[in-house]
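**Student:** So the sequences go chain by chain: A, B and C. For reference, each letter of the first sequence is one residue, going 44 to 153 in the numbering used here. For reference, each letter of the second sequence is one residue, going 468 to 1472 in the numbering used here. For reference, each letter of the third sequence is one residue, going -13 to 177 in the numbering used here.
None of these hints come from the bench; they were simulated from the model. Please read these numbers as outputs of a predicted model, since none were measured by experiment. Treat each hint with caution, since some may be false.
As the list claims (entries may be wrong) - Among chain A residues calculated to face chain B with C-beta under 8 angstroms, some are:
hint, residue
1, I46
2, A76
3, L85
4, W108
5, T117
6, L118
7, V120
8, Y124
9, K138
10, D141
11, R142
12, P144
13, W146
14, G148
Said to hold, decoys possible - With the C-beta cut set under 10 angstroms, the calculated list includes, among others, these residues of chain B facing chain C:
hint, residue
15, H631
16, G683
17, P685
18, N687
19, S688
20, D691
21, N702
22, P1087
23, K1153
24, T1232
25, A1296
26, Q1298
Don't be surprised by glycine CBs; every beta carbon is placed ideally from N, CA and C.
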Amino acid sequence: MLILTCPNCGVTAEETEFHAGGEAHLKRFGPGATDAEFESYLFMRENPKGVHFERWRHVYGCGKWFHAARDTVTLEVFGTYTAQTSTIPQDILDKVRDRRPNWQGQGAPR
Amino acid sequence: MSTRIATGGRLLNKSNAVSFSFNGKQLRGFEGDTLASALLANDQMLVGRSFKYHRPRGVVAAGPEEPNALVNLGRAGKFEPNQRATTTELFDGLNAESQNHWPSLEFDVGAINKYLSRFLPAGFYYKMFIHPRPFWKHVYEPIIRHSAGLGKAPKDQDADSYEHFYAFCDVLIIGGGVAGLEAARTAGRSGARVILLEQTAHWGGRAPVDGGTIEGTPVNSFVDDLVAELSTMSNVEMRTRVMGAGVYDHGYVLGYERLTDHAPQAAGPRHRLWRIRAGHVITATGAIERPLSFAGNDIPGVMLAASIRDYLVNYGVSVGDRTVVVTNNDDAYRTAIALVEAGLSVPAVLDARVLPQDSPLMVRAKELGIRVMMGHAISRVKGTKRVAAVEVCSQAGEGAVLETIACEAVAMSGGWAPVVHLWSHCGGKLVWDTTLATFRPDVDNPPLGADGHGFVTAAGAAAGFFGLDDILHDAHAAADGVATALGFKLPSEVVSPNASRQEEAPLTPVWLMPQGAGVNLREKAWLDYQNDVKVSDIRLAAQEGFVSVEHAKRYTTLGMATDQGKLSNVNGLATLAGAMNADIPSVGTTTFRPPYHPISMGSIGGEARGDVFQPVRRTPMHDWHEANGAEWEPVGQWRRPYSYNRPGESTHDAVMREVTNTRTKMGLLDASTLGKIIVKGPDAGKFLDLLYTNMMSSLKPGKCRYGLMCSENGFLIDDGVVARIDDDTFLCHTTTGGAERIHQHMEEWLQTEWWDFDVYVANVTEQYAQIAVVGPNARKCLEKLGGMDVSKDALAFMEWADGTLGGFDCRIYRISFSGELSYEIAVDAGQGQAFWDALMVAGNDLGVMPYGTECLHILRAEKGFIMIGDETDGTIIPQDLGLNWAISKKKDDYLGKRAQERSHMVDPNRWKLVGLETTDGSTLPDGAYAVGDGVNENNQRTMIGRVTSTYHSPTLGKGIAMGLVLNGPDRMGEVLDFPGTDGKTYQAKIVDPIFYDKEGAKQNV
Amino acid sequence: MSEAISALNGAVFKEGIAEILGLDPIGMISIRGDLSASYMKKALKKAVGVGMPGIREISLAGDKGVAWMSPDELLLICPYTDVANALESLKKGFGDNHALAVNVSDARAVFRIKGPNTREVLAKLAPVDLSPQAFGPGMIRRTRLAQVPAAFWMEDTDTAQLVCFRSVAQYVFDLLKTAAQPGSEVGFYRS
């Protein structure tokens, strides 16, 4: 069972306080979008073996959403950061690259 | 005979004798005994029958690795099967019964299987019972299931209670032997918060039995001093009777505490499951001795050498007057020496090794007059229900008998295997140690924690260090390293204690005894006692191609069931490797999974049983409903009255009465469970326009509007009435099940997509008790209460107003889910019951009756109102339900809009909502499908529709229903066939879904 | 209006390892807004006379106070009968600023857990480090109590106050009773 640190309230808590929300940094496509764009937005998800950027909500705590950069194999958590961003903050990218020097950006928003 | 001797028994309190029963026989032991030691002290060698052949089984070990001595404990609500006698502490009145035999332990019919053993090889069930196919389900499986399993499942409800406890520490140490104690001292002195767990009731592990000195003092007193020192340290928590059960991701560990198993009369929970989050885990879990594989090694009286020593030293129990020791290492000599020093006889030590010179332990044994036979082995043990003699042979040969030695016990030692389970649970890798001939933790591949670094360190024997001095130094260094990595600093004066060193000759791996044993011996050489797996079975599995260790395990059942192969693991792997001519590391090992050994289901459930099995949500009027005949319906975690049954009245009759009364007089509904969410801010209107399919920003303050919400996938997820409170503020009603879900849905979009919107939301569902006052007399009732003007002019349909009624501050919404004149009135929850009471009094002359959810359903169905969860199932869009009027054409965007433009969503052949009316007035079965002509590609009847809601309407005196039908709205008047599961085919006509008061005259008065 | 009734109407459990008390209703106002804005600080001061609490802190002065709930959410605490005045005062203090204050007093149930084993009772139900060095007076923790959300703070080192949703008041009372059952002392925390 994972532990995560919520960047909104600073609590480090076990997974049962949180709710996983799938892939982070999806770009919303609404009316006017092509079928392909809409399909990609609604259904297509990264499923990397390794670095992954995810949405989590501190459901039993402050109630806020946040993002986490995590390794899906080793479960290492590189860092957590605000949900109010459409790009990955530089300090998170630095932490990922520090731990995974060969990471080519798989799983990062395109 | 196994018996209690006059001396020894360091764990016993001989001044306190206790009595217990085994298979109905009254026996006596002492406080401090385990059930196993007490049984042995009473010469009860035979304790059970094996799984497959029902072979007689005796105690083999002295700890949790015991495969044989499994018993049923307790009775009725305290009954528990498969309990290890070796870990069951004796108490006065303990009641144990042996398992897996019929009619009795001494005479067991199933033992006939042993004569069939030649016909019951590995994979027997798979091979035998495959044909003919139908026999499996009806003949073979029931018989196999009946005869399978060791203990029986309890029949009574568990009388005990259980709990969890969340604990946090820097360093968690599992195992309270000398390694764990020294690690705790080291980590504790560094200032770290330490928890130390020991599964038994005693500190020190097996070191006090094995002896030696530490810093010049005997191990015993060293342990006592260390425990005393640790108990003065406020940052060190020490717990006995807590087993480290499992190690999980990110430093999560389960500890299984047995609080009252040894004292069943004590108050409090029986087991406590510790849910520990540790910065680092040190596994000081020691090692387990391996058996040797020789013919007859399963006969009662053949035991692990160190366990015989344990019974002698800890419990003063002699397993037999004459014990033959058979070994491939030096440690077993300690048993021989201890037995002779206790005045018992060791006719021979059969040492499979051939060594250039004697080690000090061998010299000591010889000094005591023990006959040491190097290069010798056991060809076969003689005896049935207990050992009678051993036949001696050369280890190098094929088993030719050189002599026969009469004895009552055999002490065997095949070397020691570190307990690597906890290291391995979360991914720690193992390496093969050729010197020790065992797997040990691979320090370069530990389980990884949240920071990507190893979070488990094995220490002492668990890391592969077997000498006392080495164990202490390793434990000290491990704890120092762990504490330092966590940022603590060990004072320089705290150093590792030094222990006496005992030189030992190296072990020689022995996987079969004698090495050339033929099949007649191999098929009596047990690897797994509990599952009856023999050397011959593993060889057969390999021969038949089950060369993957995981496959061989499943095919032969090696290492399965309650002991999970604690004794058989390495021997089995080595046998498989031998059969394949491969080396052991390349064969690998099976996966170790938690728990280390079985824990009670009760402890896993913790407090969640009985009244607190799961939360039940209650409205402010819950107790009133309960007292007035409510038949409860679970709606999510809520309990809502389904109907209020009067004495002698059936539920159906109650529902019919409630419908008729509400339509003709008036009814009260507890609508408090419906969600109420405040949405406030300059962008609230814009936000709600995106959330609802219709336009909410144009709603005027004081007005209400019904709205639909869809997911981004286009499907309906909720509906409800929105009231505009002021320019900036809306109150959104949701379904009962939707309150939390829709609140979270709103927060999700505001936090993760539209974070630039100036909108705040608050879930105020439980702030209010909300009561629907429904029916022709509703207004009269409110007027009787007095207060605000509730006339048609002052408060028109789909308006709301704040005011007072009968002295209660309230907010009234004039909305209707029934088609009747209806007011939904919200008061503070703390006023709910008083307000309900006031309405019941005011409505007394007006025919007031409470009504439940089933009445609500019928009322809405008569009006053709959809219900989320009935007409919708996660695949339904508003257009399917004819709700196009609630979808704004003016908006550029709303959640689900793009999805609803997809080809499948605009397909004219989507099933659409219609009313259904049976031709004979009966009620359609719920969920029934309408069938059309022909068959589909799978040769099934073509389906053209299904029933979504169906009721008997007392208002109309007939069955009414709603359903989704292919091209339904274009087929009005057509009659469809609905085959029921009762064999009847129902015929129903497609009609308008609004059955009652289509013009809406009744609600708008 | 009649007297407000709490969800449990004064339930008490005194037979266990800690005392469990269902409290009379307490005034509670949920506030959403910009916690760094000066209007917010002034509005709080005016309404209940305490300053802005730090992250995961609770500022209490007698029976009034403010708890930090999330980066844009506070819980104002006051006597039940003062709620209307406090709401009015807050609304005035907010002025035209975008902020929200709603009465949630009746949507909650409040418990007091008393005695030297208070921390243990909570630690059986909440996945939280309740050791005195990790959690002390002045802090508030929103978390999970078995299967429902709850928040609690220490009134002093041996007394906790706990807030949950009204609808699950009976469940929470039963939970606390179970966790405080006689003979279930853990003996884990030492000060």
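**Student:** Work down the list of hints and note, for each, if the structure agrees.
**Tutor:** Against the structure, the hints:
1. I46: holds, 5 angstroms
2. A76: Since chain B brings a Cβ to about 6 angstroms from A/A76, closer than 8 angstroms, the hint holds.
3. L85: holds, 6 angstroms
4. W108: Holds: closest Cβ of chain B sits about 5 angstroms from A/W108, inside 8 angstroms.
5. T117: holds, 5 angstroms
6. L118: A/L118 check passes; min Cβ-Cβ to chain B is 5 angstroms, inside 8 angstroms.
7. V120: holds, 5 angstroms
8. Y124: Because about 13 angstroms separates A/Y124 from the closest Cβ in chain B, which is outside the 8 angstroms limit, the hint is violated.
9. K138: With a minimum Cβ separation of about 10 angstroms from chain B (threshold 8 angstroms), the hint on A/K138 is violated.
10. D141: violated, 10 angstroms
11. R142: For A/R142, the interface hint holds, since the closest Cβ of chain B sits about 6 angstroms away, which is under 8 angstroms.
12. P144: violated, 13 angstroms
13. W146: It is violated, given that the least Cβ distance between A/W146 and chain B is near 13 angstroms, above 8 angstroms.
14. G148: violated, 19 angstroms
15. H631: holds, 6 angstroms
16. G683: violated, 33 angstroms
17. P685: Constraint on B/P685 not satisfied, violated at 31 angstroms.
18. N687: violated, 26 angstroms
19. S688: violated, 26 angstroms
20. D691: Since chain C brings no Cβ nearer than about 21 angstroms to B/D691, farther than 10 angstroms, the hint is violated.
21. N702: OK, holds: B/N702 within 10 angstroms of chain C, min 9 angstroms.
22. P1087: holds, 7 angstroms
23. K1153: violated, 13 angstroms
24. T1232: With a closest approach of 7 angstroms, the B/T1232 hint holds.
25. A1296: holds, 4 angstroms
26. Q1298: Holds, because the Cβ-Cβ distance from B/Q1298 to chain C comes to roughly 6 angstroms (cut-off 10 angstroms).
Checked against the numbered hints above, the structure violates hints 8, 9, 10, 12, 13, 14, 16, 17, 18, 19, 20, 23; every other hint is satisfied.
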